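Residues per chain, in single letters:
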Amino acid sequence: MEEAVKAGKVRSIGISNFLQEDVANIVNNGTIEPVVNQIEVHINKVPMDLMKYCNDLDIKIEAYSPLAHGRLLKDPKINKYAKKYNVSPAQLMLAFDLQLGCIVLPKSDNVAEMKENLNINFQISDEDMKKLVKLKENDQNVAV
Amino acid sequence: MKFGKTLTLNNGVEIPQIQLGTWLINNDDVRKTVRQAIDVGYRAFDTAKDYGNERGVGKGIWNSDIERSDIFLTTKLPTAVKDYEGTKEAIDEALDRFGLKYIDLLLIHSPQNLGLK
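Top to bottom, those sequences are chains D and H. So that you can map any letter, position 16 of the first sequence is 16 in UniProt numbering, and since no number is skipped, the others follow by simple counting. So that you can map any letter, position 69 of the second sequence is 69 in UniProt numbering, and since no number is skipped, the others follow by simple counting.
Derived from the structure by calculation, the hints contain no laboratory data. Each hint should be verified, as a subset may be incorrect.
Keeping only pairs whose Cα atoms sit at most 27 Å apart, straight-line, the calculated DSS-like set for lysine-lysine is [stated by the list, open to error]: (1) Lys82/H - Lys32/H; (2) Lys74/D - Lys6/D; (3) Lys131/D - Lys52/D; (4) Lys45/D - Lys101/H; (5) Lys32/H - Lys101/H; (6) Lys101/H - Lys88/H; (7) Lys45/D - Lys5/H; (8) Lys130/D - Lys5/H; (9) Lys9/D - Lys49/H; (10) Lys115/D - Lys32/H; (11) Lys88/H - Lys83/D; (12) Lys5/H - Lys83/D; (13) Lys6/D - Lys101/H.
Covered by chain D, per the in silico footprint, the following chain H stretches (three or more residues, Cβ under 8 Å) [what the hints assert, rightly or not]: (14) 3–17; (15) 32–38; (16) 49–63.
Chain D is nowhere near these chain H residues, computed Cβ spacing over 12 Å in every case [as the list claims (entries may be wrong)]: (17) Ile66; (18) Glu67; (19) Ala80.
Nothing here was measured: the structure is a model prediction, and the numbers come from that model. Don't be surprised by glycine CBs; every beta carbon is placed ideally from N, CA and C.
Work the whole structure out from these sequences, hints included.
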């Protein structure tokens with residue numbers, strides 16, 4: 001991979017699904033530091049320790065499944081916050097990841113959704129971010 | 001601001017902060033999806049050898065009017081590749097499938113089978 005960078009075939013190299021010990025292993029053994037670690041990050045899945053560890057090494061986090069495969073878009077709490085900011089649940093979930101400093105990779109093959117996911121022009125308050133970080137799935141009365 | 005909101009990576013490269021994920025979009029459909037995404041403003045795409053749609057993603061990029069330098073493309077090595085030769089070959093094969101001269105960001109898909117060269 002490092003040779004491919006030198007040959008101009010690849011501009012940057014990174015890792016995915018690496019836990020802290022895996023990140024340490026590659027940082028200690030490679031000569032080019034990875035630029036990103038692509039992992040799953042969304043409301044109710046926030047691996048804070050790993051994110052902080054990567055951040056300290058200046059490795060950015062790419063968040064896959066930022067919308068949790070759509071599973072949480074009907075979650076009443078997430079909807080409550082979305083309403084507060086006058087945005088869709090998807091936009092709330094993406095803004096959450098963006099404000100944690102992540103690159104987000106929402107998947108969609110629907111043009112309206114694509115537009116919605118690209119236009120995140122609001123800021124979640126610090127106070128709400130703290131609450132959202134702690135939000136857990138099935139926190140309340142989610143349909144069985 | 002060709003990429004919209006960006007972050008700066010530790011090697012100085014600018015990366016778009018919102019990218020289109022393409023997992024589970026098949027190789028035939030993804031070409032149209034990528035082209036539509038470019039039309040609404042996406043400039044960055046995330047795929048992987050193991051998604052089986054690199055060729056379609058490449059075609060979507062080719063079929064748009066956007067310059068290659070205005071696109072940020074990420075792919076991932078096959079998880080099964082675990083050695084130096086295999087990695088080298090996999091990179092050339094990925095470039096062939098995309099029909100492109102370079103990949104912006106290449107990831108190791110998972111730490112299992114990790115080859116350190």
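Hint by hint, here is what the structure shows:
{"no.": "1", "hint": "Lys82/H - Lys32/H", "verdict": "33 Å, violated"}
{"no.": "2", "hint": "Lys74/D - Lys6/D", "verdict": "47 Å, violated"}
{"no.": "3", "hint": "Lys131/D - Lys52/D", "verdict": "18 Å, holds"}
{"no.": "4", "hint": "Lys45/D - Lys101/H", "verdict": "37 Å, violated"}
{"no.": "5", "hint": "Lys32/H - Lys101/H", "verdict": "22 Å, holds"}
{"no.": "6", "hint": "Lys101/H - Lys88/H", "verdict": "15 Å, holds"}
{"no.": "7", "hint": "Lys45/D - Lys5/H", "verdict": "24 Å, holds"}
{"no.": "8", "hint": "Lys130/D - Lys5/H", "verdict": "23 Å, holds"}
{"no.": "9", "hint": "Lys9/D - Lys49/H", "verdict": "16 Å, holds"}
{"no.": "10", "hint": "Lys115/D - Lys32/H", "verdict": "15 Å, holds"}
{"no.": "11", "hint": "Lys88/H - Lys83/D", "verdict": "49 Å, violated"}
{"no.": "12", "hint": "Lys5/H - Lys83/D", "verdict": "24 Å, holds"}
{"no.": "13", "hint": "Lys6/D - Lys101/H", "verdict": "14 Å, holds"}
{"no.": "14", "hint": "3–17", "verdict": "holds (count 10)"}
{"no.": "15", "hint": "32–38", "verdict": "holds (count 3)"}
{"no.": "16", "hint": "49–63", "verdict": "violated (count 0)"}
{"no.": "17", "hint": "Ile66", "verdict": "15 Å, holds"}
{"no.": "18", "hint": "Glu67", "verdict": "15 Å, holds"}
{"no.": "19", "hint": "Ala80", "verdict": "15 Å, holds"}
In the structure shown, a violation is registered for the earlier hints numbered 1, 2, 4, 11, 16, in ascending order.
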